[in-house]
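Same order as they appear, the protein sequences are chains A and B.
Position 57 (the first sequence) corresponds to 58 in our numbering; numbering is contiguous.
Position 177 (the second sequence) corresponds to 192 in our numbering; numbering is contiguous.
None of these hints come from the bench; they were simulated from the model.
Any given hint could turn out to be false.
Selected chain B positions facing chain A (in silico; Cβ < 7 Å) [said to hold, decoys possible]:
(1) Ser125
(2) Ala129
(3) Gly178
(4) Asn254
Simulated crosslink set (DSS-like; lysine-lysine; CA at most 30 Å straight-line) [unchecked claim]:
(5) B/Lys284 x B/Lys75
(6) A/Lys4 x A/Lys97
(7) B/Lys75 x A/Lys76
(8) A/Lys8 x B/Lys75
A virtual CB, placed ideally from N, CA and C, is assigned to each residue, including glycine.
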Amino acid sequence: MRKLTFKCTITSGLTPFIDLQTQPVALHQNGNVWSGSLAVEVDDTLNIAVTVTGIEGSPWAVDITIDCPGGSPAKIFSRNGTIPQGGSAGFTASAKVPAQPCADKPEIA
Amino acid sequence: MRSLFVFTVCLAVAPFASTQQSLFQSSDGQSAVYLRQSSATLNLGDSKASFGYIHRVNIKKIFWGFEGYATANSGVTSLFSSDKPKAPEGGGDFTLGRHFVLVPMPVAGSQAKAREDWWLIDVGYGRSSFYLYPTGSAPAANPPKTNFDRFRAVAAYNFFTSGNVIAGIAAGAERRNNLSDLTSVSLETVIVPAPTGSQSSIVKTKAGYYGNYKEYIAAPIYTDVLFYPGQAKLPVYGNRIGIDFFSRSDVAAANRSSSGGLGIFIFKKDDPLTPIGGISASFNGTKVQVALTVGFTFAKSN
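Next comes chain A alone, as it looks inside the complex (with noise of 0.2 Å):
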């Protein structure tokens, strides 16, 4: 076990809520795009569970990373979609972390 600090970007219009190893992650809002860190133990594997709002047929976007000294963030998670009928979208997922995020990472546009 390692304690790794993710970071997590959501575009939702209303307010969204993610869990990370069941850890709500504090997500300050700017507009239409809430984003927070935090830091968890994980091993190989990051559990996430998450919840977005807005108004029907509008997007949503999930990206977490991790943040790498002198480059880009480490892609970790990344998930998007359309505000489904009722307005609300929930999941929960998993997502690999490799044993050296930073290195030999995939790189974000």
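Given the coordinates of chain A, assemble chain B onto it according to the supplied hints.
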């Protein structure tokens, strides 16, 4: 701390009451729907500039914000029947509220139908100065300026449901004056009288308001139901469209009034909670008033 700065340029007949109320406005510049449309605005129609901030964190129910504003003059246009004069005014608003009041805060991962509510208290102060020329009294050559202190406290409750409806109700009290009912006039003081044989003289003018001036306490009640019909979008551009059914009432005995109306708003592409403009029409039983609001918004974090 991350903050939200939104700059909006508006060509509007309707005055901005509060940037936190967003561009959902009827012709009186009011709304019961408080969205996240904070913060810095320049309203060309109302010649009003304002700057504000909203602090919101998703897992904390309490949020707050503030706004400062200044208006320069009566604005640039009266195209849409709002020919009421306004005096320069400066002031500020403070907002304190809470999300998830009656609706429980969802658990991350939940797929339940969306519901979200929030209430807030909006407290504001504004001060304006103007020259007053009361009916039935001769104006002084150098009339003193009259100052008006506007106080306002409004409580609002908003509710989002079904993915396409936001309803709001706002009620409170506001110290107002009837300046908009007075006649905008100019006082002319002759500096150099017309010489014999000439009709030209030099005069100094002072703009002011003529009529029976009153200050009173209003008890406004506003309601809005904002509805997003299906996936209705602007052809070609793809911006979402929303329809706002609203009512505006003042239930104070001194100035009781009521009106209702309909607004159609266009939203930022991919962000149907940020209006970029709209048109609204209200009817108070005797006349229809139409207001146009056009703006564009961009946000920057720090």
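Cross-check of the supplied hints:
1. Ser125: holds, 5 Å
2. Ala129: Holds: closest Cβ of chain A sits about 3 Å from alanine 129 of chain B, inside 7 Å.
3. Gly178: holds, 3 Å
4. Asn254: This hint is violated: asparagine 254 of chain B lies away from chain A, its Cβ roughly 11 Å from the closest one there, beyond 7 Å.
5. B/Lys284 x B/Lys75: holds, 28 Å
6. A/Lys4 x A/Lys97: Within the cut-off at roughly 15 Å; holds.
7. B/Lys75 x A/Lys76: holds, 27 Å
8. A/Lys8 x B/Lys75: holds, 18 Å
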